[in-house]
Amino acid sequence: MLLIPCPWCGQRDEIEFRYGGAAHVEYPADPETVDDATWARYLFVRPNPKGPLAERWCHSQGCRRWFNIVRDTVTHQIMRSYRMEEAP
Amino acid sequence: MSGSEHPDHLWRNPDPKRSYDVVIVGGGGHGLSTAYYLARNHGITNVAVLERGWLAGGNMARNTTVIRSNYLWDESAAIYEHSMKLWETLAEDLDYDILFSQRGVLNLTHSLHDTREAHRRVYANRLNGIDAEWLTPEEIKEFCPIVNLSPDLRYPVMGASLQRRGGIAKHDYVAWAFARQADAFGVDLVQNCEVTGFDLDGGRVTGVQTSRGPIAAGKVALCAAGHSTVLAAMVGLDLPIQSHPLQALVSELLEPALNCVVLSNAVHVYVSQAHKGELVMGAGIDPFISYAQRGSPHIIEYQLAAAVELFPIFSRAHVVRTWGGIVDVSPDASPIVGLTPIENLFVNCGWGTGGFKATPASGWVYAHTIARGEPHPLNAPFSLDRFARGALIDEHGAAAVAH
Ligand SMILES: Cc1cc2nc3c(=O)[nH]c(=O)nc-3n(C[C@H](O)[C@H](O)[C@H](O)COP(=O)(O)OP(=O)(O)OC[C@H]3O[C@@H](n4cnc5c(N)ncnc54)[C@H](O)[C@@H]3O)c2cc1C
Ligand SMILES: [Zn+2]
Chain A
0 MLLIPCPWCG
10 QRDEIEFRYG
20 GAAHVEYPAD
30 PETVDDATWA
40 RYLFVRPNPK
50 GPLAERWCHS
60 QGCRRWFNIV
70 RDTVTHQIMR
80 SYRMEEAP
Chain B
0 MSGSEHPDHL
10 WRNPDPKRSY
20 DVVIVGGGGH
30 GLSTAYYLAR
40 NHGITNVAVL
50 ERGWLAGGNM
60 ARNTTVIRSN
70 YLWDESAAIY
80 EHSMKLWETL
90 AEDLDYDILF
100 SQRGVLNLTH
110 SLHDTREAHR
120 RVYANRLNGI
130 DAEWLTPEEI
140 KEFCPIVNLS
150 PDLRYPVMGA
160 SLQRRGGIAK
170 HDYVAWAFAR
180 QADAFGVDLV
190 QNCEVTGFDL
200 DGGRVTGVQT
210 SRGPIAAGKV
220 ALCAAGHSTV
230 LAAMVGLDLP
240 IQSHPLQALV
250 SELLEPALNC
260 VVLSNAVHVY
270 VSQAHKGELV
280 MGAGIDPFIS
290 YAQRGSPHII
300 EYQLAAAVEL
310 FPIFSRAHVV
320 RTWGGIVDVS
330 PDASPIVGLT
340 PIENLFVNCG
350 WGTGGFKATP
360 ASGWVYAHTI
370 ARGEPHPLNA
380 PFSLDRFARG
390 ALIDEHGAAA
400 VAH
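Protein chains in written order, with numbering that gives the first Met the number 0: chain A, 0 to 87; chain B, 0 to 402.
Derived from the structure by calculation, the hints contain no laboratory data. Note that beta-carbon positions come from the ideal geometry of N, C-alpha and C, so glycine has one too. Fair warning: there could be bad hints in the mix.
As the list claims (entries may be wrong) - Label pairs and their computed distance ranges (CB to CB):
id : chain 1 : residue 1 : chain 2 : residue 2 : range
1  : A       : Ser59     : B       : His118    : 29 to 35 Å
2  : A       : Glu85     : B       : Leu98     : 53 to 59 Å
3  : B       : Asn45     : A       : Arg82     : 40 to 46 Å
4  : A       : Val24     : B       : Asn45     : 39 to 45 Å
5  : B       : His8      : A       : Cys62     : 55 to 61 Å
6  : B       : Gly212    : A       : Val33     : 53 to 59 Å
7  : B       : Arg115    : A       : Tyr81     : 43 to 49 Å
8  : B       : Asn40     : A       : Ser59     : 30 to 36 Å
Chain A with its partners taken away, still in its complex shape (with noise of 0.2 Å):
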């Protein structure tokens, strides 16, 4: 289980959370221009990579506020927690 540091929080259990996968997606800016590979890109493809990674969590047992962390994929280690509206 992780412990994970929610920004007002502190570190809590990972089952007081909800993962919210990949960090930083953006709505395409013009959503009625762009074409259907674009938008599938942005329907359906998440960043996946075997190393660190900026995700987003959910305290939803504890503040119910969303954040976002920077997690290892492979080691698990929690380099970074930080708001929503902190940048990346």
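Using the hints, position chain B with the ligands against chain A.
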């Protein structure tokens, strides 16, 4: 296997040659069956299977071996049923006893929605010529007496669908059987050989870089399960795949108690009793992306709580071993098998939590795709471009529990 003597080896352990007609990346079940069918069905034998570790040390050796073909949509039913038919003669085809046992796969339902979905799937299966039945709780009692049918359960059992032709096989024997026959055809099974890059000439792949030197290839076929996106990224190809840990566990050896495979999507249990006697159970995936080859203990705890409630007779059994594999999950819980935008580069991935049952068919259709340069009718719907076309094959219902 014919004869009772142990052979010295089942396959050679060759050094890689400098060039092949086809290089398959990944020596799991799907890579090995692809090599076998390339040779057997298409006469292509100048082939190497390059494996980073040892043969079938990935998900092929880590799965819970549930085999069934009762998927909802026509496209899935067709490919998984083709696999089932291949399983039914595979031991003879490969001349190797793979302990394939069609003991029946029972899919329990615990809510009205579950029950309606199961009925829908039973009828859809029958329309596709796949055996499927609905069992009432009384009929479940008769078929599998140890299931707890008490109304006191947190989620009481309301019924079950049953595929009698479903069952299990011994996964390592399956891998060895394919490996042995591929080797006999002259295929090089090259172990400790990690692919680290690709050689491109314009939009065409011409070879691979490996930990054992460069290898030229007429065609390159990816078959790397949880590592598919890592390889695809080396040629700038994005795949809609997320890699998650999936765990399983076994008990000590017990007297025969469970005569079939039991799955429950709602409370997330899947269990069978292997030939030797151990209970084999699968847990769920961890929600997050990981390449760590292990999952979290609380996932196992959750799985066991549900299992013990459904099977009170298991409450004194001990967990002897747990392990994890990294599975390649696609957005629609269906595989991706076919061409890529890069000429002579092929992809086979996305089988996620349920690709063991597809081992023979996956190799069959992938070999056809590689040999002909165009998909077999059975894998044409499972192309990579289906996501841009919106032609998803949503099997979350039939694949929701990891098996
Ligand atoms: C716990 C668990 C339970 C499961 N239960 C079931 C079940 O009951 N029924 C079912 O149908 N399916 C089940 N599955 C899913 C099934 O195991 C997989 O879908 C299937 O095995 C994937 O195909 P494969 O055998 O080719 O994969 P793998 O055996 O994982 O083969 C991929 C190979 O690629 C190699 N590789 C990766 N990168 C490189 C590289 N750069 N160079 C060279 N080689 C590389 C890996 O080392 C690996 O050996 C389960 C999976 C797990 C983990
Ligand atoms: Zn919090």
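Status of the given 39 to 45 Å range, CB of Asn45(B) versus CB of Val24(A)
holds, 43 Å
Using the C-beta atoms of Gly212(B) and Val33(A), is the stated range 53 to 59 Å upheld?
violated, 43 Å
Regarding Asn40(B) and Ser59(A), is the given constraint of 30 to 36 Å on their beta-carbon distance met?
At 51 Å between Cβs, range violated.
For the pair Ser59(A) and His118(B), does the Cβ-Cβ distance stay inside 29 to 35 Å?
holds, 34 Å
May I ask you to test the hint 53 to 59 Å on the CB atoms belonging to Glu85(A) and Leu98(B)?
At 55 Å between Cβs, range holds.
His8(B) and Cys62(A), beta-carbon distance inside 55 to 61 Å?
holds, 60 Å
Just tell me: holds or violated, for the beta carbon distance of Arg115(B) and Tyr81(A) against 43 to 49 Å?
holds, 44 Å
Regarding Asn45(B) and Arg82(A), is the given constraint of 40 to 46 Å on their beta-carbon distance met?
Since the Cβ atoms of Asn45(B) and Arg82(A) sit about 57 Å apart, the hinted range of 40 to 46 Å is violated.
Checked against the numbered hints given earlier, this structure breaks hints 3, 6 and 8; the rest are met.
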